[in-house]
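Asker: Bring the two chains, given one by one in their own frames, into a single complex with the hints.
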Amino acid sequence: MANISVEELSGNRAQPYPGAPDNWKRFFTFSTDHKVIGIQYIVTSFVFFLIGGLFAMIIRGELITPEANLVDRTIYNAMFTMHGSVMLFLWSFPVLVGLANYLVPLMIGARDMAFPRLNAAAFWMVPVVGLLMMSSFFVPGGPSQSGWWAYPPVSLQNPTGNLINGQVLWLLAVAISGVSSIMGAVNFVTTIFKMRAPGMTFFRMPAFVWTVLAAQLIQLFGLPALTAGAVMLLLDIVAGTSFFRPENGGNPILYQHFFWFYSHPAVYVLALPVFGIFSEIFPVYARKPLFGYRVVAVSSLIITGLSAIVWVHHMYASGTPGWMRMLFMFTTMSISVPTGIKIFAWTATVFRGKLRLDTPMLFALAGVVNFVFAGITGIMLGSVPVDIHVNNTYFVVGHFHYVVYGTVVFGIYAALYHWFPKMTGRMYYEGLGKVHFWLTWLGTTLNFLPMHPVGLMGMPRRVASYDPEFAFWNVLASLGGFLLGLSTLPFILNMVSSWIQGEKAGNNPWRAIGLEWLISSPPPVENFEQLPIVIAEPYGYGKDEPLVSNLAELSESPG
Amino acid sequence: MNMRLIGTLVGATILITLASLWMGQQAYSWFPPEASAESKLIDDLFSFLTALGTFIFLGVTGMLAYSVLFYRAGRYDYSDGPPIEGNVTLEIVWTAIPLALVIWIAAYSYQVYEQMDVRGPMELVHLHMPETMEAAYAEPMEMASLPSAKIAVQAKQWAWIFHYPSENGEDITSTELHLPVDHRIKLALTSDDVLHGFYVPAFRLKQDIIPNKTIDFEFTPTRIGTYRLRDSQYSGTYFAAMQADVVVESPADYQSWLADAAGRVPSPAYNRASSEYNRAAEQTVVRGWETVPPASPPVVNYAPKQAPASPPA
Ligand code: HEM
Ligand SMILES: [Cu+2]
Ligand SMILES: [Cu+2]
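Which chain is which? The protein sequence lines are C and W, in order. Oh and the first sequence: position 130 is 170 in the numbering used here, straight run, nothing missing. Oh and the second sequence: position 4 is 1037 in the numbering used here, straight run, nothing missing.
Keep in mind that a hint or two might mislead.
Partial list, derived from the structure: chain C residues whose beta carbon lies under 7 Å from chain W [stated by the list, open to error]:
{"hint": "1", "residue": "Val194"}
{"hint": "2", "residue": "Gln197"}
{"hint": "3", "residue": "Pro329"}
{"hint": "4", "residue": "Gly332"}
{"hint": "5", "residue": "Ser376"}
{"hint": "6", "residue": "Arg392"}
{"hint": "7", "residue": "Asn432"}
{"hint": "8", "residue": "Arg502"}
Chain C stretches covered by chain W per the calculated footprint, using a threshold of three residues with CB under 8 Å from any CB of chain W [said to hold, decoys possible]:
{"hint": "9", "region": "404-410"}
{"hint": "10", "region": "425-431"}
{"hint": "11", "region": "505-516"}
{"hint": "12", "region": "571-583"}
Source of the hints: derived by calculation from the structure; they are not laboratory data. Glycine included, C-beta positions come from ideal geometry on N, C-alpha and C.
This is chain W alone, in the form it adopts within the complex (with noise of 0.2 Å):
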């Protein structure tokens, strides 16, 4: 009888990591392409995550599961179960043992953010974890011929605006965000109303924008391609219309799109918010209250005339 429920136990628990260690690895696919150094640290922290909660999931309803199968009261069986009130051993390992689990994984994140090293605002001190770990950009890869300054984001009601910095101090302007690939990207995140969200999925990555502020970001895009850009704050009518293209392209190409922008007369950008905005009674069945009115289209010197077009990710 016990050498049985032991057989059954460790053949169970076997199972159980089985599937545990599979949806690990299926944890995977269910992201946008890794397009950030960052996102590979995160993907690998989330599957480790996943397989660990599946394996408690598991456990967990496989113990119900069994009491539900097995141990159903006859139609007239009126008695009790075993009056088992608690076991102090029992008690103190599912105590410890959930400790020990939620201090590893709260170290391994704290690891990984180390590594991230996205900065971020209000940075007082930046703590670093000393030797153990090189920051998620390995190498240095700044080249000479690319400006190491930041971008400037500058979002509004409902627009983003990215300011590149050039040599006459004028600033070069866009509404599609280019970066190059590979190298490590120094935005200054600003906004001019409310708060609004700079997140980009295949990054992985997200930052509050707050009024007042000006917020380091820090980020290295490892995969070249055309991503989306979503605001992440609730911003008010149009929050869910705020996206733009964020294009990672070689240094080369980088250059050659930076000085084709610096050549450009500035002209209005496509803006999602302000043309329904104009077109807002022939929108929906339901027409709506008064609001903010959105911001007439941005007047940028890179200024593409159709909504953001990256594919799905």
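The shape of chain C in the complex, shown without the other chains (with noise of 0.2 Å):
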């Protein structure tokens, strides 16, 4: 494969739009550069992070005491919708996809995504996704108030009668963030299987690029369910059908069906990508290649097939018939096995390394404990009669914050600290990123933890009042929430000085093996100066051997 055509040879590296902004300016534009897309994904979703995180601390305010008499009930149900959905799909869906944006073309040697302007065609549906969720608040009857997992028959209930109400502009949101995603998906997966570089095969990939191929293709099979979903309750809403609804005859037990059947999967859409940030940090920062690379690869597409049989898992309360309630038992304590692979791999690939504890491998090494965790708790909630006790309890908002705070925002985190200096040429504060890991840290504990004790109790989740006997934990965990709030300025600050002001990085400040450091920081637009050959394994830490066979050509001018 090293026949490269003259004009991949040529020396014109002109940015692709003429006349395009090359500083800041340019992330304000309609840029095809997976790169420029990337880092409008990530900065865009992070502000997202930041409203989300504004009405968590609103939740965490109400719950500190145990009456309703922060903010009314409609408001309280209003903020934990809206934080829901604003968490998942204006956060972590889209600054994953950033990522994924940003690392895949480099780490699989390409010089962009296979159809860059359906890349940023898709980059550019999130704000109008954003705008619908958050214009809700100004309509009449307030956002919806109905769950991230808008339920009918609440959702159908209408009490303004107006035909534009916060329900209606939070199902426009949804199947629109839905379009963007399916468009992502087409993307990378075209990109990953069309795009690799000469002798980048399937198992020289980077075991990042697997989880993302297998993230995508959830995207794939799992969203076309979600739209149905979606769409049929839209028209119940707007156009008098009844799908769902039970006045006449609907069956909204089937609504939970559609949605499950994406939205489980979809848990992984978020938590394959940060496996895939861990396999890839882990071997840097202890030196070592990554254990069982191959079987780590792989078990990632095990767990999407898994993914997509076990949703009825949210459903054992919901009138499931007892044989369903024990076959997708069965169905979803399988997914621990690959799952448990990846957790034992990277403990032995940290085992007697040489590590460094930088600010990436802190967040790195915590969130694989968290996620050991929440591993546990989820294992109890797939057995069928422990779930019956704890199914809509604090138990399971703790369960799954330690998912999405706890390993998904403490990946991210590790992959920002990580991938900094490639993307903006420049070096963070090391102390400032310990402080915001040792404040992240203690915050995620005393928040999500107490919650696991007031579940058992019999708290249930998603009320705005409640009895005097959780306020202890409850009080706990509203610190541990506010504590939260206050830990990202310390990254704030981090990230913005730095930028601005730090110290020159270099291409490599890792010592890491991967295409991506082998060129400037940051890349230059077309990325690969000629394509790279491959001719070695992704980790070859300890081993002394080289990855690509034309080093020297891959930049105009190496250093």
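Answerer: What follows is the structure, given as structure tokens:
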């Protein structure tokens, strides 16, 4: 595959759009450069992370006392609905798409994504989704108050009688977000299949690329179900159909199947790329190859497959017959096997390595510990008899925040610190990074650990008021929540000031192995002067073997 | 060297095992009192899962901590670690062990589920594991004097109403759920409007209630006392306020309560949602949006006039 065409070799590395700015202004344009789009995704979604976090602060403010005395119940219900929706659709999904956008082409040795314009179009739908969600605060009746599940019949109730109401805007936003995600998924899958550099076989791809592939395949098979459910719900509200309307013979449980058929696998759309991040980071900071790389890579696809057949574990209490409960209990438990493989592989990678506890490594290690904890409570939830008690209690809220915060957000922070020098060409401040880590870790533990005992005691989720017996744990959780709010400050300070005036980082400050580390920081518009010719597996730590055969030709001025 | 390593490993395993067993025992104290036959089964299962989970958690974090504590690179040490890329035996072991573990957990859970025998909805065929176990309610305790008929549970936004059948065909209604201790209870759950959830933490039991469906639900209360029933499936604005007392009493007390209730003229019971709704303006710091109005307070035979008062569980 060494026959590189003359055109590719020509030194013409102009901007894809003549006249496009090459400074910060390019982040406000319809750029088709995957690196610009990646950063656009990351920054936009971080703004929504702060907004979703603000809603969480209001939730925790209300819950610091048992009575519903801070905000009206309708506002509380809108807050947890918008908190969940913003955190998922406007933070977790897009930020990971942003990271994948930035990294996948670099990691597989491509000059861009397969469809650059589609890529830009998919990104620009995210602000539209955000605007729709936020505008629902200003319509009569306020935003959706039916939770991020939007279960009918509650989601069909429309107290103002208005056609343009919070629930309708919410459904439109979710539908657009789904279209954007499908466009992204088509792009990623095509890119990974078609755009790999010469010599970059599947088993030479970094584990992160494998996990992105596995996650995006889920989007392709799952999103149509969610979209179908959302469209039927929308029709029930605005067009008088009765798919889910019980008064006219509709079946509200059917919606739950549509919803969870996508939304269970959706947690793996979040978790898989984060597993990939862990798999990238441990070898670098432990100076050892990823243990069992091929098995770790393939286990991602096994997770994709299994994730499609477990959704009913969210419906154990929803009028699900006994045989179905038992069936889905067995499938659910089986997911812990490929997941366990990954956890053990990370432990073995770190085992007796040469560890450097820089901020990315701290976040990754703590992320894995949190994930082990979440996995254990997850098995408990998978067990039908236990779930019959804790279903819809704070035990569940604690469990999934150990996933979405303790694991996913920790992994994202690890990734942002690790690739920050690549993205900006500058180094972040290690001291501030460590302060950020410890605040985040303390806040996470204080916020989400107490939710487990209070859930076992029987406190339901989604309640604006609760009985005094639950107060102790809720005070702790609220303090932890406010600490988490505070923890974003050193992070923002660090990112902004380092980007402006941090030390120059050089091509490869971590001495990491990977195509992205062979080119300059930040990489040039077209990434590689000449396409790399890959000759080795991705994690050659301790082996002293070259990754590519044409190192000198990758960039114009090596160094 | 190797002997020392094995010694350390064995020592660590023993320590972790002891810690796990201890956590498993602690688990019982995290729950409300065991007030139904089913709750004992669930607490045992949870204790087992806690012990197992603690073992795995300490095992993995212990390994990580060991490397973090003892294998840090020196400040100027830029060398790499040993290039170990995998180990087939080890990988097979750590695939097989979790597989065996989860099959064990699932089988144990299945067994507990069969013993609970809570029925639940749409049971087409009622599968039973042969012989191996008896249902949680052990001996049949039906007393001739007690109505074996179902108690109908009606949920609506945002009230619980309980209907007890009576001889003259007219229901005896109440907003408190009274149950005779040590008797198999049969409920028929219905909803007037949206999804609700029947959840009594002290019984460890929960079942969603679906409009247009009647769901049979069975269990056996075993401990006299007052417990809290909470709505567990989000049902709109006053969801959190939808609670009721569950009074488990001796069969004699239960009978006299029922007779007393039958003689009472129906009157409106206390209802938190509607009382809050009527005073909405003075409730909170920040006013809210328009809501589905709560139903007016239910008019029932047995109609408590104040909020549920079950002691903290
Ligand atoms: C400062 C950090 C956070 C705090 C204090 C927090 C707090 C909470 C609380 C207390 C609830 C339960 C509300 C209720 O049931 O009444 C909740 C729900 C939820 N949170 Fe978070 N959370 C945080 C971060 C996140 C993140 C990063 C995600 C990422 C996906 C997330 C996703 C969700 C979801 C999906 C729900 C469920 C909403 C629903 O029930 O419909 N949260 N959060
Ligand atoms: Cu799930
Ligand atoms: Cu309810």
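Asker: Does each hint hold? Answer for all of them.
Answerer: Checked hints:
Contact between C:Val194 and chain W, as hinted, is supported at the beta carbon level, the nearest pair being about 5 Å apart and thus within 7 Å. At about 5 Å, the closest approach between the beta carbon of C:Gln197 and any beta carbon in chain W falls short of 7 Å, and the interface hint on this residue holds. Checking C:Pro329 against chain W: minimum C-beta separation of about 5 Å stays under 7 Å; hint holds. For C:Gly332, the suggested interface contact is upheld, since its CB lies about 4 Å from the closest CB of chain W, less than 7 Å.
Contact between C:Ser376 and chain W, as hinted, is supported at the beta carbon level, the nearest pair being about 5 Å apart and thus within 7 Å. The closest approach between the C-beta of C:Arg392 and any C-beta of chain W is roughly 5 Å, which is under the 7 Å cut-off, so the hint is satisfied. Because the beta carbon of C:Asn432 sits about 5 Å from the nearest beta carbon in chain W, less than 7 Å, this interface hint is met. Look at C:Arg502: its Cβ gets to within about 5 Å of chain W, closer than 7 Å, so that hint holds up.
With 3 residues carrying a beta carbon less than 8 Å from a beta carbon of chain W, the region 404-410 of chain C meets the three-residue requirement, and the given coverage holds. Check result for the region 425-431 of chain C against chain W: holds, 5 residues qualifying (beta carbon to beta carbon below 8 Å, three or more required). Chain W is given as covering the region 505-516 of chain C, and this holds because 5 residues of the stretch bring a CB closer than 8 Å to a CB of that chain, at least three being needed. Look at the region 571-583 of chain C against chain W: 5 of its residues bring a Cβ nearer than 8 Å to a Cβ of that chain, three or more, so the hint holds.
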